[in-house]
Every structure is written in structure tokens, then in C-alpha cells.
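Visitor: Please build the complete structure, drawing on both the sequences and the hints.
Residue numbers (this note's numbering), protein chains in the order written: chain A, 5 to 865; chain B, 70 to 223.
If you are wondering where the hints come from, they were derived from the structure by calculation, not from laboratory data.
For glycine and all other residues, C-beta sits at the position ideal for the given N, C-alpha and C.
It is possible that part of the hints are untrue.
Lysine to any residue pairs mimicking SDA-like chemistry, simulated, CA-CA at most 25 Å apart [to be verified]:
| hint | chain 1 | residue 1 | chain 2 | residue 2 |
| --- | --- | --- | --- | --- |
| 1 | B | K139 | A | F423 |
| 2 | A | K131 | B | Y133 |
| 3 | B | K80 | A | F423 |
Some residues of chain B that are not near chain A, with every Cβ distance over 10 Å (derived) [unchecked claim]:
| hint | residue |
| --- | --- |
| 4 | L76 |
| 5 | I125 |
| 6 | H144 |
| 7 | C190 |
Which bits of chain A does chain B cover? Going by a derived footprint, with three or more residues having C-beta under 8 Å, they are [to be verified]:
| hint | region |
| --- | --- |
| 8 | 73 to 83 |
| 9 | 182 to 195 |
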Amino acid sequence: MITININGKEIKLEKSVTVLEAAKAAGIKIPTLCWHEQLGQYGGCRLCLVEIEKIPKLQTACTLMVTEGMVIRTETEQTAEARRGMLEFLLINHPLDCPICDKAGECELQDLVEKYGAISGRFREKKRKIPESFADPLIVRNMERCVMCTRCVRMCEGVQGASAIGVIDRGGHSHIEPFSGGRYDCEYCGNCISVCPVGAIMSRMHKHSYRPWQVTGKTETICPYCGVGCTLVLQVRDNTIKRVIPRIGSPVNNGLLCSRGRFGYEFVGSKERLTTPLIRKNGVLEEATWEEAISLVANKLSDIKAKSGSDAIAGIASPRCTNEDNYVFQKFMRTTIGTNNIDSTARMGFAGAQAFMENIFGQGATANIISGLANSDTVLVVGGDPTTANPIFGLQVRACSRKGGNILTVGQMKGLEYFNPVKADPFLYTEEVLLEGIVTALIGKKGLPGANLTLEAKIKDINTSLDDVEKKCGVPAKELARFVDILAASATPALLIGKEIVQSSGASYKLLLLSAINYLANGRIYLLSERSNEQGLLDMGCAPDLLPGYRPVASAEFRKRYETLWDTKLNEKTGLTIFEMMDAASRGSLKALYVMGENPAFNLPNSSAAATALRNLEFLVVQDIFLTETAKLADVVLPALSWAEKDGTFTNMERRIQRVRKAVNRGGMEDWRIISDISKNMGVKLNYADTEKVFHEIAAVSPLHRNLTYEDIEDGHAIYPYKGEPLRDVMEEILTSKGKAARSTGKLYLRIERPLFHSGTLSTKAPALVKIYSRAVARISAETAASLSLDEGDIVRITTKAGAIELPVSIDKAADSSTVMLTNNFEGQGAYSLMEYTIDPVTKTPVLEGVEAKIVKMTGT
Amino acid sequence: MFNETVLKEIKQISGKYPTTRAALLPALYVAQREFGHLGADAYEAVSDVLGVPKAIARGVGTFYAMYKHKPMGRHIVQLCTNVSCMILGAEKLSDFLKNKYGLEPGGITPDGRFSLVIMECIGACGTAPAMLVNDDFYENLTEKYIEEILEKYK
Numbered sequence: 005m006i007t008i009n010i011n012g013k014e015i016k017l018e019k020s021v022t023v024l025e026a027a028k029a030a031g032i033k034i035p036t037l038c039w040h041e042q043l044g045q046y047g048g049c050r051l052c053l054v055e056i057e058k059i060p061k062l063q064t065a066c067t068l069m070v071t072e073g074m075v076i077r078t079e080t081e082q083t084a085e086a087r088r089g090m091l092e093f094l095l096i097n098h099p100l101d102c103p104i105c106d107k108a109g110e111c112e113l114q115d116l117v118e119k120y121g122a123i124s125g126r127f128r129e130k131k132r133k134i135p136e137s138f139a140d141p142l143i144v145r146n147m148e149r150c151v152m153c154t155r156c157v158r159m160c161e162g163v164q165g166a167s168a169i170g171v172i173d174r175g176g177h178s179h180i181e182p183f184s185g186g187r188y189d190c191e192y193c194g195n196c197i198s199v200c201p202v203g204a205i206m207s208r209m210h211k212h213s214y215r216p217w218q219v220t221g222k223t224e225t226i227c228p229y230c231g232v233g234c235t236l237v238l239q240v241r242d243n244t245i246k247r248v249i250p251r252i253g254s255p256v257n258n259g260l261l262c263s264r265g266r267f268g269y270e271f272v273g274s275k276e277r278l279t280t281p282l283i284r285k286n287g288v289l290e291e292a293t294w295e296e297a298i299s300l301v302a303n304k305l306s307d308i309k310a311k312s313g314s315d316a317i318a319g320i321a322s323p324r325c326t327n328e329d330n331y332v333f334q335k336f337m338r339t340t341i342g343t344n345n346i347d348s349t350a351r352m353g354f355a356g357a358q359a360f361m362e363n364i365f366g367q368g369a370t371a372n373i374i375s376g377l378a379n380s381d382t383v384l385v386v387g388g389d390p391t392t393a394n395p396i397f398g399l400q401v402r403a404c405s406r407k408g409g410n411i412l413t414v415g416q417m418k419g420l421e422y423f424n425p426v427k428a429d430p431f432l433y434t435e436e437v438l439l440e441g442i443v444t445a446l447i448g449k450k451g452l453p454g455a456n457l458t459l460e461a462k463i464k465d466i467n468t469s470l471d472d473v474e475k476k477c478g479v480p481a482k483e484l485a486r487f488v489d490i491l492a493a494s495a496t497p498a499l500l501i502g503k504e505i506v507q508s509s510g511a512s513y514k515l516l517l518l519s520a521i522n523y524l525a526n527g528r529i530y531l532l533s534e535r536s537n538e539q540g541l542l543d544m545g546c547a548p549d550l551l552p553g554y555r556p557v558a559s560a561e562f563r564k565r566y567e568t569l570w571d572t573k574l575n576e577k578t579g580l581t582i583f584e585m586m587d588a589a590s591r592g593s594l595k596a597l598y599v600m601g602e603n604p605a606f607n608l609p610n611s612s613a614a615a616t617a618l619r620n621l622e623f624l625v626v627q628d629i630f631l632t633e634t635a636k637l638a639d640v641v642l643p644a645l646s647w648a649e650k651d652g653t654f655t656n657m658e659r660r661i662q663r664v665r666k667a668v669n670r671g672g673m674e675d676w677r678i679i680s681d682i683s684k685n686m687g688v689k690l691n692y693a694d695t696e697k698v699f700h701e702i703a704a705v706s707p708l709h710r711n712l713t714y715e716d717i718e719d720g721h722a723i724y725p726y727k728g729e730p731l732r733d734v735m736e737e738i739l740t741s742k743g744k745a746a747r748s749t750g751k752l753y754l755r756i757e758r759p760l761f762h763s764g765t766l767s768t769k770a771p772a773l774v775k776i777y778s779r780a781v782a783r784i785s786a787e788t789a790a791s792l793s794l795d796e797g798d799i800v801r802i803t804t805k806a807g808a809i810e811l812p813v814s815i816d817k818a819a820d821s822s823t824v825m826l827t828n829n830f831e832g833q834g835a836y837s838l839m840e841y842t843i844d845p846v847t848k849t850p851v852l853e854g855v856e857a858k859i860v861k862m863t864g865t
Numbered sequence: 070m071f072n073e074t075v076l077k078e079i080k081q082i083s084g085k086y087p088t089t090r091a092a093l094l095p096a097l098y099v100a101q102r103e104f105g106h107l108g109a110d111a112y113e114a115v116s117d118v119l120g121v122p123k124a125i126a127r128g129v130g131t132f133y134a135m136y137k138h139k140p141m142g143r144h145i146v147q148l149c150t151n152v153s154c155m156i157l158g159a160e161k162l163s164d165f166l167k168n169k170y171g172l173e174p175g176g177i178t179p180d181g182r183f184s185l186v187i188m189e190c191i192g193a194c195g196t197a198p199a200m201l202v203n204d205d206f207y208e209n210l211t212e213k214y215i216e217e218i219l220e221k222y223k
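Guide: Structure follows, in C-alpha cells:
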């Protein structure tokens, strides 16, 4: 116990901390400028100078550790004088342009000068003149205002790990710049904006559009983009979101944001938003009233149900909608319509991978706390770069490396390149052999633990030596041996699984191998998730085989419980997956489809075939916020409210349930309310007074969410397994299906690029994100470019069995020479439109491996 | 990008330091030799070899005044103008360079042959005025002598 005295107040401390922290804990504020709670010690601004007895000179409180008996005075004439002096120095160059500076009102320098003065400067030299830089579309730099606290640089390097900006030049000439000196070439997390204490680095998005004190509403909600579930604070003025900022201390993202979360909000106010229902009349979508649209949908669905049976109707739920929306939707499909034909794009990988892993390790196997990842001693990453798929989660991997953890990667991970990864980079499509090699070596090193005999029976005969791996995958045996040694020696390993491996040939067998690695290394699993409520919609029962809370539809015993609660008879037939729906639609056996907040004509592989299937339907209803590719094919389009306009909950990839809150007003209805109106018109009441009432029912119906309330969620107690009952110990046989390595040399294969700046097509409606990543490009290696004599920006035609599109090429030094990377974000130029697929028999995920592509340069461009 | 020999040289330098970041200064010297000065290409090349983010390489490089930060002539004339040299006419020599060769302090001849850098004391006060051309040392300079010297550098 250390006893110190600050300003005459006796303070007892458990362990030695800095004077600043000790004062803070005692409620004494010491002024700072370069110090920031997310960054390390720096001691640069000299504003936290304090008097300490028996030390002749003033000391910086942010770097000095307290010792027994220390007597500290934080506000004396001497400290005030010193602070005034430091501020006078800063004002030599800092312009007094507060009246036109957006920071005024929340500027730390302004507040400090207001308190300590430097009423008049004694320097006669002119202030330095550096023109404000508008070279970047999103971040504006005003280096006249910079006080060189270097918070931005330390944030960029030490927390974000992007190291995109630095202090350039020296002394009075020093300033902050991205490498290019103009436009940023960075991850656009904007965390430099968050930490800048003055108006030197600011967002261009809301420049001169409001003052900090004019914000009328601050709403804390959850990001609509990926499965990490970051807390966002939406600042609103005139019913418009002006700015998105993080909150320090929030779970998951703790004061950090990524580009999508920070800059991707403008779709909410987009002029392209749907405002009124549309009904197809004589082949054209025409504006209609809500009454008209809802009664049409109700009548049409009733007719089809009567004529062709309930199972001729299907529904696609949305990983961007709230739990409440999805719950009401599946209840509508199961009770009002009477079918289990409900699924979502979680079927693209997440659902199958999770079910496979949970069968082996028990329900909740993937519900691991995100912030805990940084404390792992080893992180193994497979199947996708977490720093682009789930950026804030990716920061945990970087933090793990910084803390001395080992990062093991299978395949290229650009975002982890500077974090000392130990790499195993096999030839394209040979991961299976590599994983077998790792399993064999791990069994050799650690033996079979005997805890899960079913799993062991499946893996005990795997025998692939490191030399085999070297021969088939091109990963040197020595390097892989080191890789396995690290894994075997790890006490707290974590396994990160991305989508690419789940969408590869023999996905179930690879998942078995990954499960084996996890089992042998005694690790924990994280499944990357690209949508904000991908987990939640599965929890809510938006799956053809599972009821809310993961109770199988096929079991009469479980069904009975829901039948009692919902007061209806449930269909016992397992429904169609999203892919089976497309097949059934093109065969004609599926007559009607209700799509809520999803875009199957773009987001499913072989999307043109999906569009054809959708055209073949007798009746297609699309409920969305934009007129998507799918909505354009619909018979009725219903405009929904976006995430910022409604209340509800999202469940993130670690299965934390968090509150989504309404920030701006807009006429219209939440998704669940539209559905309940339709249901009412079909004679079945699904009435709820508000969103919270829906959640009450979820908590009553889903055994997993038993008795959970909004208060629990707001108190931060909604972490898996909540207070509910996960379904345990019902392990089924582990089925796997091996893949066929579909690779031959000299061919080009089309693969999906999952860019940091986009998520589905939603982000392309956010102008800021489009400014950073503005168009689809075919990313090829320098070798491929050379062999086809292509230059950056040349227009090419990419042709596969499924179709062809034309777009510019971009040459990527680090790209694999046998692949063409293409995103699936830009309308008319999605990679999925070029990808035919087969379905993995076990995980029911599409196999997107081995899509051969030809590239031809377009002449005359 | 560097050629194989230079890559090897930098790798070797980097091997002497505990971290790759610590090898930045000597690696930047190599890059300066190869590229003539430290510009975007040089920083990127060093960043690629050492695996140090390029913004950091640039931050380090620009901190030091003795790296060359802009394109230089093939030969670099470094003329001392500190007290002893000044008294013995270094400033006149500087004017001579300007009038005869179009070479201003910090500048470059139009043909790209010479750059002129005004140096701080090079420790040759006893034989002032003095200068360096590249790594060669010359003292007791006169206008005529400078003409002769510069003839040697094409």
C-alpha cells in the first residue's frame, strides 16, 4: 500500500501508478494535452507539470510514478505559471481562428487557454502559414492548428497499427502527414480524428455544418455493418446524423472505430431511399399506398397458400435487421404462412460453420469474448483477413502481437503483414493438405487427449507428413515445423476462421481439421461474421431446421413447446435453405418469396441465375430501404426503416446482445411492424405494442434467451449464455465430405475480395466510403499483368462459365499470380455474378472454389 | 525497387541491429546512394526491404538534415562558409560558383552535373577556404583552383 498526498488530500493506492492516474482516481483533474487514455506515456506537452515536495523542478504527472510519502500539489502559482508559459508557446503558431474552426467548443487547447491564460503573446514573429490540406476526400488537415501532441501518430501506429501518418521534418517545421503528403493511403479508421485535441485533423463530412453545442441528440447504438457490434454514438442535428463517434469504455470497440462505422452512415439520409410502397402494374413498379400494398401482399400470399400449400411460400430474413424483426418474420412464416422455408445469407458460410463446430464442441463454442483475443499467446488465422472482414476484431489480433503473442497465418493476410506473422502460405486450393499436416504433427507432439472420442475417431488416422505438405503445398517442412511448434507450445491459442475456407471445396472436411487443431491445441474459436446480426438471426430461428433458441424443428418434443406458446400447429417438415429456394423457384415448385432486407439477386453466387429464378416466381415481395437488384424484380416493394430509425437489438459474433436505438425520425414502419400488419390482414394477429414487447416474447419463447430483458442488455449482462439454456450434449455423427482440389497451373481463378471499405451493397450508398473505394476493379498480380500486357486501369473483360463483366484492372504487388480478386459490392459488377457453385453436402454452404476466369484486354481503351 | 546486390547489402546491415526499425538510418543511406536522394521511391524501397511502414521511414528520414531530400547533381560540392573560410573569401567563391556555373547554394546546375551545399565547419581552418566534392577534400581554394578541380568531375 502506497500513501501519497495530493493537494492536502491523503490517498492510498494498491500499486504504483503515475501521478496523473492517482490524481484522476482521487477526482483531481490535472490538465493534459498529449496524454490520452488510449495511448501510452509521452510527456510531450508539459501541461501536466506538478509540484512535488523535495523535487526542485516541476515534474510531468503523466510519466512520474508515485512513491511512498510523495506530496504533490497540482494547482499552485508555480504550476499555473508554467502552464501559462507552455500555452503561450503553443499560441506562437496556433492561429486564433476559433470563430471558423469546427473544433471550437470541444477544443482542448481552447479550454486550457480559457483556464490558464496566455492572454497576450509576447512573440512578434509571424505565425507559420501552412495551407489547409483538402487533398483527401475525407480527412482535412490544418497543420497551422497542430500542437504536435502526436496523439494521432501514436494512435495510428500503436493502436490501429496502420502507421500511415508520421511526424515529418523537424523542430518548428514539423508537421503531421500521410506518406504521400496529400491523400491518405490508409485504413481510414479516422481514429486520428478522435484523438486530435485541436482542429488539426478533422472529418470533411460535416465541415462547417454545425457546432458541437448545436448537436440536439446523442444516441448510443450499434454499428450496422459487420458482426463485431461496435458501439457508435450518433450525433444528430435537424434530424440528420452529423457525426459518428465512438465511446471510450464501450464493450467491443472501446473508443475505436473503423472506416465503415465512422464514415458509412450517410446511406440513412440518401435520396435514393425508398419512400413509398411500390406495386408492379403492367410490368412497371408504381407508387402505391400502404393499405393497397399490404392488402395485396396479404391476399396474394393467402391465395397461393390456399392453392399451392404453405410450402410453396418461402422467406429470406436479414442479417442487417434486428433480432425483433427477424423473430417476427420467422414467426410469420411459421405460423401465419405455415412453413419452415425460412433462411438467410448466413447460409453462405457462417451458419454451416457454426453448426459444424457446435456439434463437436457444444453450443456456444464460438461465443468467445472479442476483447479477450488480445491476451491470447497465439492466434491462428485461417480463411480470411480479420483486419478487413472485421476491422475492430482485427485490431485485437494486432494488439495480441504487440503484447508478444504469436500470430500464425494460413494464406495471405495483408493487414497482419507488419505484425510478425509466422506464415504458412500454401499453393492455392491446397489448404486441406496443409491442415492435415498440422493435425498429424500436433497429434505427434501432443497425442490424443481422449476427451472427445467421436472427434478422435475421425482424426486418428490422418497421416500427412510435413514433407508431404512441402511437396503438395510448397510450404517448407522446416517452416511448418516451427509453425506447429508454436501452436503446440501455446497455452491460450485462439483460432480465427474466415469465410473463404468455409466456401471452399470440402469445407466440412476442412472444418473437421480445424476443429481437430482447436481440440488438440485446446483453443477457442472465433468465426468471422460480415453482417451485424448474422448471429442474431440464427438465434431467432431464421433457419429452415431450427426454431428460436436452436431447437430442431424435426423434433416433435421441441415443436410442442412452441406450438403451445404460439398457439398453433407447426409444420414438421424441415424447410428449404436459401439455395434450395432458388432451385425450387426456377423449377416452379416455389411460388412466392418474401425477402426482408436482403438482396439475393446480388448477394448469392451465380446471381444472374438467382435473378432468373426470382423472375420465375409467381409473387415476390421485397422489403428494403433501397431499390436493390432484387427489389427491381419484385411484384411489391415495401419501404422499411433503416437501423438508425428504429429500436431493437443486434447479437454480435461473440453473442453479445446490444441495443440498437432510434436516432432520427422517419415516416414508415419497422420491418416487424410491416410484417405484423400483413399477418393481421391474413387473419392472424401478431400484435406488439412496441419493439420491447417483441423482445419480451423472444425471452419467453426462446429457451436461450429466457427471462432476458432490455434492462439486462443495457446493463451489459447480455453475454452468452445469458440466463438461458443452450442445447448441450446432443452430438450427432460428424459427417464430412472431402474436397476435390480444382487447380491446374497456368490458369486464373476468380476469388472474392472482401474490402475494408465496403460491406454488401449498403456501403455503396454511403458517399464517403465510395470516395475511398469508388469502383469495382479486378485485382491481378504483376506477373499476370505482364503476361497480358496490362497496365493499371486498363479495361478488361473477365469471363467465366457463369458470365462476363468488363471493368478496370488494378495491379497488386502482393497478389497471387493464379488469382483474380474481385469484390461483390458494386452494382452490375459483382464477383458472385461470375461464380457458379455446388453445395457442400454437410455444411450446405456454396463451394466457390476453382472458378476459372479468362481475362481479355478490351481494345480501344 | 533495389537490385539483388543492394537487397543483400541492406539485409546484411539490418542483421546487425536488434530490430529492423533500428536499421533505418543506414538503410536510408544505401537508398540515398542508389536513388540519389530520399524521395517517395527510396522510402518505399526501404520500407519494402525492412518491413517498416513507409510513413515511419519517411518520418525518420525527414528528421535528419544531412540526408539529401531533393534531387541532387551527379557531383556534390560542399563549401564551407564558417568563420575562417569566410574571412579568407569563401563567400566570393560561392558567388563565383553562381556566376560561372549557375550554381546557387542548395541548387543544381541546369545540366545536372553539380549540386552546391553550404557546409558548416569541416575542420580545415588552417588551410581555409575548403570544400568537399563528393568524398574528396580540397583546401586553399581560389577561383582558378576550383575551375581546375571541377574539370575532373564530369
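Visitor: Does the no-contact call for I125(B) survive, Cβ to all of chain A over 10 Å?
Guide: violated, 5 Å
Visitor: Count residues of the region 73 to 83 of chain A with a Cβ under 8 Å from any Cβ of chain B, then say if the count reaches three.
Guide: violated (count 0)
Visitor: Is it true that the CA of K139(B) sits at most 25 Å from the CA of F423(A)?
Guide: Violated: K139(B) and F423(A) sit about 32 Å apart, past 25 Å.
Visitor: Can we confirm that no CB of chain A comes within 10 Å of the CB of C190(B)?
Guide: At roughly 21 Å from the nearest Cβ of chain A, C190(B) sits farther out than 10 Å, so the non-interface label holds.
Visitor: Just want to verify: L76(B) was marked as not at the interface with chain A; is every Cβ pair farther apart than 10 Å?
Guide: holds, 15 Å
Visitor: Against chain A, does H144(B) hold up as non-interface, every C-beta pair farther apart than 10 Å?
Guide: holds, 27 Å
Visitor: With a cut-off of 25 Å on the C-alpha distance, tell me whether K131(A) and Y133(B) pass.
Guide: This hinted pair holds, its Cα atoms lying about 24 Å apart.
Visitor: With a cut-off of 8 Å between beta carbons, are at least three residues of the region 182 to 195 of chain A near chain B?
Guide: holds (count 3)
Visitor: Need the status of pair K80(B), F423(A): alpha-carbon distance at most 25 Å?
Guide: Holds, at roughly 19 Å.
The structure does not agree with the numbered hints 1, 5, 8 stated previously, though it agrees with the rest.
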